[in-house]
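**Q** Residue numbers (numbering that gives the first Met the number 0), protein chains in the order written: chain A, 0 to 309; chain B, 0 to 255.
Among the hints, erroneous ones may be present.
[Claimed, not checked] Using 27 angstroms as the maximum straight-line C-alpha spacing, the simulated DSSO-like pairs for lysine-lysine come out as follows:
id, chain 1, residue 1, chain 2, residue 2
1, A, K91, A, K161
2, B, K113, B, K29
3, A, K161, A, K140
4, A, K217, A, K273
5, A, K187, A, K142
6, A, K91, B, K113
7, A, K217, A, K91
8, A, K140, B, K93
9, B, K250, A, K91
10, A, K142, B, K206
11, A, K91, A, K190
12, A, K140, B, K250
13, A, K91, B, K206
14, A, K275, A, K217
15, A, K217, A, K233
16, B, K93, B, K250
17, A, K190, A, K233
18, A, K142, B, K250
19, A, K233, A, K187
20, A, K161, A, K187
[Claimed, not checked] Covered by chain B, per the in silico footprint, the following chain A stretches (three or more residues, Cβ under 8 angstroms):
id, segment
21, 57–67
22, 99–112
23, 119–132
Since the hints were derived computationally from the structure, they do not count as laboratory data.
The C-beta atom is built at its ideal place from N, Cα and C for all residues, glycine as well.
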Amino acid sequence: MTEAETVLEVSHLTKVYGRDLSIAGRKLGRRVVGARDVSFAVRRGEIFGFLGPNGAGKTTTMRAILDYLHIQEGSITVFGMDHHRDALEIRKRIGYVPEDLALYENFTGDELIDYFGGFRPVDPDFLRELRSVFRVDLSMKIKSLSTGNRQQVGLILAMAPKPDFLILDEPTSGLDPLMAMNAHRLLKELKAEGKTIFLSSHDLAEVQAVCDRIGIIKEGRMILVEEIGNLVTKFLQNVRICFSSSDTPREEDFLGLESVISVERTGEREFTLKIKEDVNDLLRLLTGYWIDRLSIEDATLEEVFLQYYE
Amino acid sequence: MRKRWLGGIATPVLVSMIVPLVVSIWPSFKEQAASFAEILQSPIYQALLGQLGMGDITTWSGFFYMEVGVTLEWVILFVAMFIPARLITSEVDKNTLDLTLSYPIPRWRYLLEKFGAYLAYSILYPLLIYALAVAGTNYLGETMDFGVLGYVMVGTYLQLFALGAISLLCGSVFLESSRTLSASGALILGQYVMTRLPDLGALNFLKDLSLFNYLSTGTITGLGSLPMNELSIVVGVGLIALAGAFYVFHKRELAY
Numbered sequence: 000m001t002e003a004e005t006v007l008e009v010s011h012l013t014k015v016y017g018r019d020l021s022i023a024g025r026k027l028g029r030r031v032v033g034a035r036d037v038s039f040a041v042r043r044g045e046i047f048g049f050l051g052p053n054g055a056g057k058t059t060t061m062r063a064i065l066d067y068l069h070i071q072e073g074s075i076t077v078f079g080m081d082h083h084r085d086a087l088e089i090r091k092r093i094g095y096v097p098e099d100l101a102l103y104e105n106f107t108g109d110e111l112i113d114y115f116g117g118f119r120p121v122d123p124d125f126l127r128e129l130r131s132v133f134r135v136d137l138s139m140k141i142k143s144l145s146t147g148n149r150q151q152v153g154l155i156l157a158m159a160p161k162p163d164f165l166i167l168d169e170p171t172s173g174l175d176p177l178m179a180m181n182a183h184r185l186l187k188e189l190k191a192e193g194k195t196i197f198l199s200s201h202d203l204a205e206v207q208a209v210c211d212r213i214g215i216i217k218e219g220r221m222i223l224v225e226e227i228g229n230l231v232t233k234f235l236q237n238v239r240i241c242f243s244s245s246d247t248p249r250e251e252d253f254l255g256l257e258s259v260i261s262v263e264r265t266g267e268r269e270f271t272l273k274i275k276e277d278v279n280d281l282l283r284l285l286t287g288y289w290i291d292r293l294s295i296e297d298a299t300l301e302e303v304f305l306q307y308y309e
Numbered sequence: 000m001r002k003r004w005l006g007g008i009a010t011p012v013l014v015s016m017i018v019p020l021v022v023s024i025w026p027s028f029k030e031q032a033a034s035f036a037e038i039l040q041s042p043i044y045q046a047l048l049g050q051l052g053m054g055d056i057t058t059w060s061g062f063f064y065m066e067v068g069v070t071l072e073w074v075i076l077f078v079a080m081f082i083p084a085r086l087i088t089s090e091v092d093k094n095t096l097d098l099t100l101s102y103p104i105p106r107w108r109y110l111l112e113k114f115g116a117y118l119a120y121s122i123l124y125p126l127l128i129y130a131l132a133v134a135g136t137n138y139l140g141e142t143m144d145f146g147v148l149g150y151v152m153v154g155t156y157l158q159l160f161a162l163g164a165i166s167l168l169c170g171s172v173f174l175e176s177s178r179t180l181s182a183s184g185a186l187i188l189g190q191y192v193m194t195r196l197p198d199l200g201a202l203n204f205l206k207d208l209s210l211f212n213y214l215s216t217g218t219i220t221g222l223g224s225l226p227m228n229e230l231s232i233v234v235g236v237g238l239i240a241l242a243g244a245f246y247v248f249h250k251r252e253l254a255y
């Protein structure tokens, strides 16, 4: 991948909070791993979904990219620039919606756009479009807006300058389905213009609707980076096997195969298996038995995610 | 802070109302000033007033500096202790720092603008008190050296600057309200208490570490000018604390 194609490159990122500290057997401090050896890249013009259970390291990674956190190991480059040394240059080209977005309560939406527009100028035409798409009254003070409306103001602030790179930490949380759909449309519009979006979300439907690729992080480690289209076919399949006789493999035999994730006995001679990546070792096992019926189906995207979340 | 200008102005206006109050008391106080002067010689009042009790309260300017000087010390104490300490921590508490710092603003500039707003509001205290003191003196038909009054106000402002910078430094270091306020309280209130303690014997040198000992109303009115050595100490401490606050805030990670 050339530098021109890569907008974000995270390489062996490790971030650990605190340290183990105990005096006279009493624990005073604890070491918490935020991210360990995390590597991935986000290409220009794509929407990259960043997924993982709560506390997996998503926000840590995002805050490290923004240079809010000091990383212990690894490197992060954005537009080929070092995230720490060139932080100000990078910030001229990004838009950010933090998790648990908080805005200045005594400002109106319009005042916030003016205020932050002084640091990163807005695109007036796109701002007009954003105003028409999001149905939030920007003349109202933030303190009198609902959570969903505040989130809309946050999205307007992040998108209005039409930044080259958007970092969105759960951007549609609190939005009603219609507004979330509008936000997705806008993200796709920005993507079509060559903008890059790095988005964290727990909403699998959202991820499926907008993302080109996803990365899944779990317990601080990146466990998967894949094109969303490949996920279902490549990564998880549901297999149902009905044997002709009571001579069947034992559950342990299935679980002994590398590709088998789980086994459920659904009848006297029937099993349902979840397998990942490759069915060949399963088929090899089955050659010694008489089979009545065998079906292999793609798992749903939700099943794929849950598989990695668990 | 930009949006809280009314609150920022209201407090100095309220505090400066001490001047009309002192002006209204003076005509009746003047009659009994001599007996009050004797009472003020007691050790309790000396401890309470510190270096402010040096003036002659039988004169208008002596009475004014005693009353207004005490008020100004309390203003310096509380304004410097609480406001700069909250400049960053209030943003951390409300979680607004994350969004703001994602914009291309150097952290030192962000901090400087916030501290600049504090300094702008703080200047209202000496300005309003000076203006009302001039008006009050003319109204009473009394005399007062307005040049010395100006020096006292400059001293007050510089103390607000230096102690405020220390408080800001605490905010940069801790980024968390309760610990920041504890630290700034310990450092600033500690300095104030130090000047009020009786003779500490071998530990008397600690009193020299208190900024409240420098550019005090008593010293300035006694000298009739600004003591330049004290001025350089106060400004120096303030600049070092401010530079420290910028450095720490620039370098530290925002893990909260």
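**Q** Does B:K250 sit within 27 angstroms of A:K142, going by the straight-line distance between their CA atoms?
**A** Roughly 32 angstroms separates the two Cα atoms, so the pair is violated.
**Q** Given the hint that A:K91 pairs with A:K190, does the C-alpha gap stay at or below 27 angstroms?
**A** Holds, because 18 angstroms separates the two Cα atoms, which is no more than 27 angstroms.
**Q** Has the given pair, A:K187 with A:K142, been kept, meaning a C-alpha gap of at most 27 angstroms?
**A** Violated, at roughly 30 angstroms.
**Q** Quick one, are A:K161 and A:K187 close enough, alpha carbons at most 27 angstroms?
**A** Holds, at roughly 13 angstroms.
**Q** Within 27 angstroms, alpha carbon to alpha carbon, are A:K140 and B:K250?
**A** violated, 34 angstroms
**Q** Taking only the CA atoms, is the gap from B:K113 to B:K29 under or equal to 27 angstroms?
**A** Outside the cut-off at roughly 44 angstroms; violated.
**Q** Against the 27 angstroms threshold, does the CA-CA distance of A:K91 and B:K206 hold or violate the hint?
**A** violated, 49 angstroms
**Q** Next pair to validate is A:K217 with A:K273; report whether the Cα-Cα distance is within 27 angstroms.
**A** holds, 20 angstroms
**Q** Straight-line Cα separation of B:K93 and B:K250 no greater than 27 angstroms?
**A** Between B:K93 and B:K250 the Cα gap is close to 22 angstroms, so the pair holds against 27 angstroms.
**Q** Given the hint that A:K233 pairs with A:K187, does the C-alpha gap stay at or below 27 angstroms?
**A** holds, 25 angstroms
**Q** Confirm or reject the coverage of the segment 57–67 of chain A by chain B under the rule of 3 or more residues with a beta carbon closer than 8 angstroms to the chain's beta carbons.
**A** holds (count 3)
**Q** Given the hint that A:K140 pairs with B:K93, test it: the Cα-Cα distance must not exceed 27 angstroms.
**A** Roughly 16 angstroms separates the two Cα atoms, so the pair holds.
The structure does not agree with the numbered hints 2, 5, 7, 10, 12, 13, 18, 23 stated previously, though it agrees with the rest.
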